[in-house]
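Trainee: Just so it is clear: in the sequence shown, position 27 is 27 by this note's numbering, and no numbers are missing.
If you're looking for bench data, these hints aren't it; they were derived computationally from the structure. This structure is a prediction, so every number in the text was calculated from the model and none was measured. Hints may contain errors.
Unchecked claim - Each computed DSS-like pair below joins lysine-lysine, with the alpha-carbon atoms no more than 27 Å apart:
1. Lys-21 - Lys-57
2. Lys-57 - Lys-87
3. Lys-20 - Lys-57
4. Lys-85 - Lys-71
5. Lys-85 - Lys-57
6. Lys-71 - Lys-87
7. Lys-57 - Lys-71
Said to hold, decoys possible - Have a look at the derived ranges for each label pair, beta carbon to beta carbon:
8. Lys-71 - Leu-8: 47 to 57 Å
9. Leu-3 - Gly-27: 22 to 32 Å
10. Gly-50 - Met-1: 49 to 59 Å
11. Ser-24 - Val-70: 28 to 38 Å
12. Pro-66 - Phe-4: 45 to 55 Å
13. Gly-6 - Asp-74: 56 to 66 Å
14. Cys-89 - Phe-26: 38 to 48 Å
15. Val-12 - Thr-68: 28 to 38 Å
16. Val-12 - Pro-63: 24 to 34 Å
17. Ser-36 - Arg-84: 50 to 60 Å
18. Leu-78 - Ile-39: 33 to 43 Å
19. Ala-91 - Lys-57: 49 to 59 Å
20. Leu-34 - Glu-59: 34 to 44 Å
Beta carbons are placed, not taken as given, at the ideal position from N, Cα and C, and that holds for glycine.
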Amino acid sequence: MELFLGWLVLSVLVGVWASKKGRSGFGAFLIACLLSPLIGAIIVALMAPGGVAAMPKDEFGNPITPETHVKCPDCRELVRRDARKCKHCGASLIPQ
Numbered sequence: 001m002e003l004f005l006g007w008l009v010l011s012v013l014v015g016v017w018a019s020k021k022g023r024s025g026f027g028a029f030l031i032a033c034l035l036s037p038l039i040g041a042i043i044v045a046l047m048a049p050g051g052v053a054a055m056p057k058d059e060f061g062n063p064i065t066p067e068t069h070v071k072c073p074d075c076r077e078l079v080r081r082d083a084r085k086c087k088h089c090g091a092s093l094i095p096q
């Protein structure tokens, strides 16, 4: 009984870890239950972050989205929507 309970607790922890990485926590939980929590943990460790965790971030750690950033017309680098000057090439921008 203790072995089953330990298996289940470790499988839940694998699912929580996958969820924090932006992956399917339930899917990782099922893999850990069916195969092994150790194998499930290895699979989650090898997964790349997904969802919001994988989004590129600006210098302040905020996700870069089309609502917050636009491409500079000169150098095509992403700059904040409210920028007046491109931080990469110095081109003048019209804030949007």
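Trainee: Each hint: holds or not?
Mentor: Okay, the hints, checked on the actual structure:
1. Lys-21 - Lys-57: With Cα atoms ~15 Å apart, Lys-21 and Lys-57 stay inside 27 Å; holds.
2. Lys-57 - Lys-87: holds, 16 Å
3. Lys-20 - Lys-57: Roughly 17 Å between the alpha carbons, so the hint for Lys-20 and Lys-57 holds.
4. Lys-85 - Lys-71: Holds, because 12 Å separates the two Cα atoms, which is no more than 27 Å.
5. Lys-85 - Lys-57: Within the cut-off at roughly 20 Å; holds.
6. Lys-71 - Lys-87: holds, 11 Å
7. Lys-57 - Lys-71: holds, 15 Å
8. Lys-71 - Leu-8: 47 to 57 Å: holds, 49 Å
9. Leu-3 - Gly-27: 22 to 32 Å: holds, 23 Å
10. Gly-50 - Met-1: 49 to 59 Å: This hint is violated: roughly 36 Å between Cβ atoms.
11. Ser-24 - Val-70: 28 to 38 Å: holds, 32 Å
12. Pro-66 - Phe-4: 45 to 55 Å: holds, 48 Å
13. Gly-6 - Asp-74: 56 to 66 Å: Since the Cβ atoms of Gly-6 and Asp-74 sit about 60 Å apart, the hinted range of 56 to 66 Å holds.
14. Cys-89 - Phe-26: 38 to 48 Å: For Cys-89 and Phe-26 the Cβ distance comes to about 46 Å; the hint holds.
15. Val-12 - Thr-68: 28 to 38 Å: With Cβ atoms ~35 Å apart, the hint holds.
16. Val-12 - Pro-63: 24 to 34 Å: holds, 28 Å
17. Ser-36 - Arg-84: 50 to 60 Å: Once the Cβ atoms are compared, 56 Å apart, the range 50 to 60 Å for Arg-84 and Ser-36 holds.
18. Leu-78 - Ile-39: 33 to 43 Å: Holds, since Leu-78 and Ile-39 (Cβ atoms, about 39 Å apart) stay within the stated range.
19. Ala-91 - Lys-57: 49 to 59 Å: violated, 23 Å
20. Leu-34 - Glu-59: 34 to 44 Å: holds, 43 Å
Of the hints listed earlier, those the structure fails to meet are numbers 10 and 19, in rising order.
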